[in-house]
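Asker: Whole structure, please, built from the sequences with the hints as guidance.
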Amino acid sequence: MDQGIITAIRTVPLDHYVLLSFLLFGIGAAGVALRRNTIIVLMCIELMFNSVNLLLAAFSAHHSDPRGQVFVFFIMLVAAAEVTVGLSILVMMKRIVDSVDVNQLNRLKG
Amino acid sequence: MSALVLLSVVGVVLLYLGLFGRRTALAATGVAGLLGTIALIATGWHLESPLFAGIVRFDGPARAYTLLMAGATVLLFLFGVDYYARMQRNVAEQYALMLFSLVGGILIVSFSNLVMLFLGIEILSIPLYILAGGKRDSFRSGEAAFKYFVQGSFASGFLLMGLALVYGATGSFDLAAIGTWSADAAHGHDTVFLLGLLLTLAGLAFKLAAVPFHFWSPDVYEGSPTLITAFMSTVVKTAAFAAFHRFIAALHLPDAVGTMLLTMTVLTLFLGNVVALRQTQFKRLMAYSSIAHTGFLLLALVGGDPRSGDVLFYYLAAYTLATVGLFIILTLAKRAAQGEEHIRIFRGLFRERPWVAVAALLMLLSLAGIPFTAGFVAKYRVFMLGLAGGHVLITFFAVAMALLGIYYYALVVREAFAPREQEGGTLAVAPLNWLVITLCGVGVVALAVWPVALP
Chain A
1 MDQGIITAIR TVPLDHYVLL SFLLFGIGAA GVALRRNTII VLMCIELMFN SVNLLLAAFS
61 AHHSDPRGQV FVFFIMLVAA AEVTVGLSIL VMMKRIVDSV DVNQLNRLKG
Chain B
1 MSALVLLSVV GVVLLYLGLF GRRTALAATG VAGLLGTIAL IATGWHLESP LFAGIVRFDG
61 PARAYTLLMA GATVLLFLFG VDYYARMQRN VAEQYALMLF SLVGGILIVS FSNLVMLFLG
121 IEILSIPLYI LAGGKRDSFR SGEAAFKYFV QGSFASGFLL MGLALVYGAT GSFDLAAIGT
181 WSADAAHGHD TVFLLGLLLT LAGLAFKLAA VPFHFWSPDV YEGSPTLITA FMSTVVKTAA
241 FAAFHRFIAA LHLPDAVGTM LLTMTVLTLF LGNVVALRQT QFKRLMAYSS IAHTGFLLLA
301 LVGGDPRSGD VLFYYLAAYT LATVGLFIIL TLAKRAAQGE EHIRIFRGLF RERPWVAVAA
361 LLMLLSLAGI PFTAGFVAKY RVFMLGLAGG HVLITFFAVA MALLGIYYYA LVVREAFAPR
421 EQEGGTLAVA PLNWLVITLC GVGVVALAVW PVALP
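In order, the protein sequences belong to chains A and B.
Read in the numbering used here, the first sequence has 86 at position 86, and its numbers run on one by one without any break.
Read in the numbering used here, the second sequence has 2 at position 2, and its numbers run on one by one without any break.
Among the hints, erroneous ones may be present.
Mimicking DSS-like on lysine-lysine, the simulated pairs with C-alpha atoms at most 30 angstroms apart in a straight line are [claimed, not checked]:
hint, chain 1, residue 1, chain 2, residue 2
1, B, Lys283, B, Lys135
2, B, Lys334, B, Lys283
3, B, Lys135, B, Lys334
4, A, Lys94, B, Lys135
5, B, Lys283, A, Lys94
6, A, Lys94, B, Lys334
For the record, the hints were derived by calculation from the structure and aren't laboratory data.
All values derive from a computational prediction rather than experimental measurement.
Answerer: Right under this line is the structure:
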C-alpha cells in the first residue's frame with residue numbers, strides 16, 4: 001500500500017476509528033431492530049458491514065499488516081452477494097403481500 | 001481440494017441438467033457426486049491439506065464432520081426424489097444450492113483462519129436464504145426466507161465486528177497464532193480481545209440457534225419447505241457446531257467467555273424444553289426440540305474437555321439420523337392430512353404402517369434419550385462431561401430438562417400408536433422414502449453400540 005495513505009490514516013489515533021466504527025455499527029444494528037421498512041433494514045445491514053470495513057482498514061494500517069485490508073475486499077464481495085439475494089427476497093415479498101413493511105410478515109407466530 | 005472441486009462441479013452440472021429438462025437424473029447425479037465426495041474424503045485422495053495458503057486444514061475432525069454432513073445430504077437427496085416430484089419448476093436449483101451450501105459447511109468445519117470462517121459461513125448461508133423461500137408462491141416460505149435473511153445478515157454483522165476486534169487485538173487472522181497469543185498470561189485481560197471474542201461467539205450462536213440469539217429460528221423452521229428445514233437442522237447445525245467447537249478449542253478463553261457460554265447453555269436448555277411443551281404443531285415442536293438439543297450440545301463444549309469433540313460428533317450423528325427420518329415421516333403424514341401439521345396427523349400410523357410407526361418410535365425415543373438408543377448414549381456422555389468439568393448444578397439442571405423433554409416426545413408417540421377415530425387419507429410411502437426411514441430407524445439403535453471416537 002502507498003506509504004502516504006498509511007501515514008495519513010495513522011495521523012488519527014486508533015481510538016477514534018474504533019469509536020466511529022462502533023457508532024456506525026450501533027446505528028446499523030438499531031436500524032435493523034427498529035425500522036419497519038425492509039429496504040431501510042437492508043441498508044442498515046450494509047452499514048453494519050461497512051463499519052467493520054472501516055475498522056479493519058484502520059487496524060490494518062496501525063498494525064502495518066496488509067491482511068486486514070485483503071479481508072475488506074472479501075467482505076465487500078460477500079456483502080454484494082448478500083444484497084443480491086436480499087433484494088430478490090424483497091421482490092418476492094412485494095409480489096406476495098404488495099408491501100415492504102416488516103409487520104406484514106406475521107403469519108408464523110413467534 | 002478434490003472434494004470441494006467435485007461438489008462445486010456437480011452443483012453446476014445439476015444446474016445444466018435442469019436447464020435441459022433432465023429432471024429424473026437430478027437426484028441420481030447429486031447422490032453420485034456426494035458419494036464421490038465421501039470416497040475422496042475417506043481415502044484422502046488429493047486432499048491437499050493445508051489448502052489455500054494454510055487457511056483450510058482437513059484434519060481428523062474436519063474429515064469426520066465432512067463425512068457426516070455429506071452422508072446426511074445423501075439421505076436428504078434420496079428423500080428429495082419423492083419430495084420434489086410434484087414441484088413444477090426450479091427443482092435443479094434446489095439440489096444445486098444444497099450442494100453449494102454443503103461446500104460452505106465443509107469449509108467451516110475445516111477452517112484454520114478467521115477469514116475462512118467468515119467466508120464459509122456466508123457460502124453456507126446465502127444459498128439457504130434462497131432455499132428457505134423455495135416455495136415461490138407460498139406466504140409462509142417467503143416470510144421464512146425474509147426472516148432467515150435478516151437474522152443471518154444481522155448475525156454476520158456481529159461475527160464480522162468480533163473478528164475485526166480479535167484481529168485488532170492480536171494482529172492476526174490465523175487461528176493457531178491467535179491461540180498462542182491468547183495463552184500468554186499478559187494478554188488475559190485485554191478488553192478489545194474479550195469484546196471481540198464475545199461478539200464472534202454471539203455471531204456464531206445465532207447460527208446455532210442458542211438462546212438468547214434464537215430470535216426467529218422457530219419461524220424459519222416452520223415456514224421453510226420441510227426438506228430444507230431438515231437440511232438446516234442437520235447439516236447446518238452440524239457445520240455450525242463443529243466450527244464453534246473448532247474456534248473455542250483453539251483459544252485460551254478468558255473467564256468472562258466461559259460465563260457467557262454457561263449462561264447461554266442454561267437459557268437454551270430451559271427455553272427450548274419448556275416452550276416445546278406447549279407446541280401442538282409438529283414442525284414447530286421439532287424447531288424447539290432443535291433448540292433444546294443445542295443446549296445439550298453446548299453443555300458438551302463448556303467444560304473444554306479434550307473428549308468433548310468425540311461427544312459432540314456422536315451427539316450430532318445421533319441427532320441427524322433421528323431428525324432426517326422424522327421429517328420424512330412428517331412430510332408423508334402431512335400429505336395424507338392435506339397439509340395439516342398438528343401432531344394428531346400421526347394418529348393411526350401404527351395401524352396403517354406398522355414399520356414406519358416403529359421407526360418413528362425409535363427416532364423419537366432417541367431424541368428423548370431413552371436407554372438402548374443412540375440419543376441416550378449421547379446424552380449420557382454429555383452429562384458425564386458436564387460432571388467431569390465440575391458443572392454439577394448445571395448438569396443436574398440439564399438432566400431435569402431432559403426428563404421434561406421426554407413428555408413432548410411421548411405425546412407424539414401416543415398419537416402414532418392411538419387408533420384413528422375417523423377415516424382419513426391413506427399414507428403412501430415411496431420405496432426410497434421407506435429405505436431412508438429404515439436406515440434412520442435402524443441407525444439410531446445401531447449407533448448406540450458403536451463407540452464413535454474421532455481420529
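Asker: Decide, hint by hint, whether the structure agrees.
Answerer: Consistency of the hints with the structure:
no.	hint	verdict
1	B:Lys283 - B:Lys135	holds, 17 angstroms
2	B:Lys334 - B:Lys283	holds, 10 angstroms
3	B:Lys135 - B:Lys334	holds, 16 angstroms
4	A:Lys94 - B:Lys135	holds, 15 angstroms
5	B:Lys283 - A:Lys94	holds, 26 angstroms
6	A:Lys94 - B:Lys334	holds, 29 angstroms
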